[in-house]
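Chemist: Here is how the chains run, residue by residue.
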Amino acid sequence: MATEILMPRQGNSVESCVILEWRKNEGDQVKTGEIVCEVETDKATFEVESPAEGVLLKRFFEEGDDVPVLTVIAAVGEAGEDVSSMAPGGKAAEEKKEAPAAAEPAKQEKQDAKAASSAPAAQAVSADARAGVSPRARKTAADKGVNLDGLTGSGPGGRIIERDVLAAEPAVSVSPAARAAMGAGMTAPVRGSGIGGRILSTDLAASAAPQAVASGETREIPVKGVRKLVAERMYASLQNTAQLTMNSSADARELQAYRAQCKAAPEEMGMAGVTLNDMVLFVVSRVLLRYPCMNAEMHTDKIVEYGSVNLGFAVDTERGLMVPVIRNAERLSLKAISAEAKRLGKACLEGNINPDELTGGTFTITNLGALGVESFTPVLNAPQVGILGVNGIDLKPVQGKEGVEFVPHIGLSLTIDHRAVDGAPGARFLQAVAKELANFRLALAE
Amino acid sequence: MSSEFDLIVIGAGPGGYIAAERAGGAGQKVLLIEKEEMGGECTNWGCIPTKSLLAGAKHYVHARESERFGVTVSGAKYDLKTAMAWKQETIETLRAGIAFLMKKNKVEVVKGSAVLNPDRSVSVNGKVYSAGNIIIASGSSAAVPPIPGADGKNVLTNRGILSIEALPKKLAVIGGGVIGVEFASYFSAVGVEVTVIEMMDEILPLMDGEFARAMRKSLKGISFVTSAKVTKITQKGVDYEKGGKTESAEADLVLMSVGRRPNLEGFTDAGLDISRMGIKVDEKMQTNLPGVFAVGDVTGTSLLAHSASRMGEVAVNTILGREDRMRYHAIPWAVYTLPEAAGCGLTEKEAAEKGIPVKTATVQMRANGRFLAEHGKREPGMCKVLVHAEKNTLLGVHIMGATASEIIPVAAAMIEAELRSEEIREIIFPHPAVAEVLRDAVWEIE
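If you're matching them up, the sequences are chains B and W in order. For the first sequence, counting from 1, position 9 maps to 9 in this note's numbering; every step adds exactly one. Whatever position you read off the second sequence (first residue = 1), add 1000 for this note's numbering.
Misleading hints may appear alongside valid ones.
[To be verified] If you only want the chain B side, here are some residues facing chain W, beta carbon under 8 Å, derived:
(1) Thr152
(2) Ser175
(3) Pro176
(4) Ala177
(5) Ala178
(6) Gly197
(7) Ser201
[As the list claims (entries may be wrong)] Capping the alpha-carbon separation at 20 Å, the derived lysine to aspartate or glutamate pairs in EDC-like fashion look like this:
(8) W:Lys1051 - W:Asp1006
(9) B:Lys24 - W:Asp1273
(10) W:Lys1280 - B:Glu267
(11) B:Lys263 - W:Asp1273
(12) B:Lys396 - W:Asp1119
(13) B:Lys263 - W:Asp1269
Derived from the structure by calculation, the hints contain no laboratory data. Beta carbons: idealized from backbone N, C-alpha and C, even for Gly.
Build the full structure now, drawing on both the sequences and the hints.
Modeler: Here it is, written out as structure tokens:
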């Protein structure tokens, strides 16, 4: 009896995952615990292991399919076993029926064009299945090592024609090793890391990195995964809450001095990695305790204030915005907050964050200061009632004893949900944060 | 503030003068500041004078050891004064050449010590200059560790030893890197008794392990003491600890060649991010200060003249808005000893550390027609290649034996182009040429 491989449930908040890459082909031998495919939740990527040893008999979904959790995605068993009864019902099953039919003509043409290497022709199957590829385009693609998958056709009905293949061929030189890998299905960036932008095989391995679109071309990006989640959350937030943003700034001299001191601290103290953002996280985690109205959630019929601070912070990743949460931040030292922020940020960037670490926040901080932003209107991470935007440090004229002096100030942009918090209490919270940032060394003593 | 220059380059070594030449050639208004001599350490106290002296040493060796070719010389003598004059003439010709290149590319040259001010202006000789961009190419100096006696008159660095007036009887070299071994080879060839004392367990850290061992055996006249820690320098020689015992090497002259430290004087108060190694830069040679670049030894990375030149070009290209990045994986190195050696790319140990699977092959030079004809079957020489086990791309080449340094650029081009063994086999080499060993070694790969 064959064994089902299920789309696993990752954390409690995940309903479906996208299959990023199959690591095993149908007919491959697999061992128990061996990676069968890589999947992406709306927040992170995971590997799916085989629960049994045997032959991978069937893959029920293609790369790029969004599959509900706990659905059968593949079957493992002994060669020749019938697994048709395991196929998940509905749309996916129908698509499956079409796939073999579409594969037939591709096979035929592969035999016709003997010069073509087998790999690109095999790859053409899925492109064929969607819109069609002209024989001439397929031949050119095989000659030039261009991967037809992911090409946008400009021919009738979206058919891929030779022009599309030529446009997809990189303008820079391609190393022989890279060309071989491209023929086998990997995609190349517009410019590589080698001599004169030459595309090397290592650039293909990193092809998940953002790719520039050549001038005159368009690129369609399916809205899924993190992008889909961000889109839904941001839109809902602006539709369903009453957002009010207020701007202020704090004297940043102590922050800068403390940062410099951390950098210069003996290595064994482990303070060198403390960033300005860590310091803001620290101060906000303390001030929030005194302003419970800001450490709260707005629900339709009630406002819930929290007695501990689960501080979310925005991380910019290749997949899109992620907001990991530092739990009980009010109990952590500056060093501990810094270390936790680093750990969570790294996991987000590497795509292996536990989805549960992206939930449960009570307040959020978003920092665009490093990008030279002077003020902005952060969008609430609803149902939270507050989000603090951190801006860059700029010089600001201040009346001193001997005339006007220029003092570095860090900009702060606080958005509140006016349904839950009025302007004055929000402003008092912002003022308290600014004051503690300006007197950071005193704030540290808390 | 209007800038007087488009670019200020600090330091006229192979990093600085090449940057100035390239930028001047591209129409930039360039100021080049040098506190000592045009050409920097390389031209005046490094690469060039050592090659001049080694050339004489080789003639001297050939004069004594050419009987097997039917040449007998009696009364061969080595005159240091004449050799030093030859060295000096070479240096001065090159210096004049660099000065000419600066004039040709309309680069203004100022002699003096430069200071980078916090407002990113540059002070020299009491005058303040400003520019859109600044390249720091201030180089490095010989590091002198605080060993008792290291400040004695009998202890010289690469600079002092190039202006001695009489040969020592016995020379002790502290440090078995490229600089130490090259000087050791020179002095040994002209009849000086030489001991090299190295702290690590092997000399020449750039070299593939088995080559370093072979090299040590090939440098016949030199005594090598490895895994030894120098404890004291006296008028009689050098005391060192090896395996728990204190021993000493007799010497009337000591060369200190344990490493280099970046020349940071004048650059520490401008807010530059500086690590223990040197000024921190990214792959475009940009420092943390906008418009300030650093290239060459002062960055603490790849301390080689040709690396510095390439870094200078990357900085200039970045300034000119041309896409470029510094790559470190295919930088050739050479040591001009008797026999000479050169390498490019990964050693087997580095590949193992990086988890890269490799196939290797080694061929002996005595199987090479030209090598055999000119050096005989007893002369040491070999070539080793490393190829990626799956992609077949060339990853490293190591050559020991005559003309190694003239062959290695071929390897650099192949590695940069990411050629695979199958493509390299299609490249035609002249016959007979020692370089054929590279092609033969690639054919040896399975």
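Chemist: Check the hint pairing Lys263 (chain B) with Asp1273 (chain W) against an upper bound of 20 Å on the C-alpha distance.
Modeler: 10 Å, holds
Chemist: For the hint on Thr152 (chain B), just tell me whether its beta-carbon gets within less than 8 Å of chain W.
Modeler: Cβ of Thr152 (chain B) sits 26 Å from chain W, so the hint is violated.
Chemist: Does the structure keep Lys24 (chain B) and Asp1273 (chain W) at a Cα separation of 20 Å or less?
Modeler: 47 Å, violated
Chemist: Just to be careful, I want the Cα atoms of Lys396 (chain B) and Asp1119 (chain W) compared with a cutoff of 20 Å; is the pair within it?
Modeler: 18 Å, holds
Chemist: Taking 8 Å as the limit, does the beta-carbon of Ala177 (chain B) come near enough to a beta-carbon in chain W?
Modeler: Result: holds, 5 Å to nearest chain W Cβ.
Chemist: Using the nearest Cβ pair, does Ser175 (chain B) come within less than 8 Å of chain W?
Modeler: Constraint on Ser175 (chain B) satisfied, holds at 3 Å.
Chemist: Is Lys1051 (chain W) within 20 Å of Asp1006 (chain W), Cα to Cα?
Modeler: Not satisfied, since the Cα-Cα distance of roughly 36 Å exceeds 20 Å.
Chemist: Holds or violated: Lys1280 (chain W) and Glu267 (chain B), Cα atoms, limit 20 Å.
Modeler: Distance ~18 Å between Lys1280 (chain W) and Glu267 (chain B) Cα, so the pair holds.
Chemist: With chain W as the partner, please determine if Ser201 (chain B) meets the hint condition of a C-beta pair closer than 8 Å.
Modeler: Status holds, d = 6 Å.
Chemist: Let me know if the C-beta of Ala178 (chain B) comes in closer than 8 Å to any C-beta of chain W, holds or violated.
Modeler: Because about 7 Å separates Ala178 (chain B) from the closest Cβ in chain W, which is inside the 8 Å limit, the hint holds.
Chemist: Against chain W, with CB atoms and a cut of 8 Å, does the hint on Gly197 (chain B) hold up?
Modeler: With a minimum Cβ separation of about 6 Å from chain W (threshold 8 Å), the hint on Gly197 (chain B) holds.
Chemist: So, Pro176 (chain B) near chain W? Judge it on the closest CB pair being under 8 Å.
Modeler: 5 Å, holds
In this structure, the earlier hints numbered 1, 8, 9 are contradicted, and the remaining ones agree with it.
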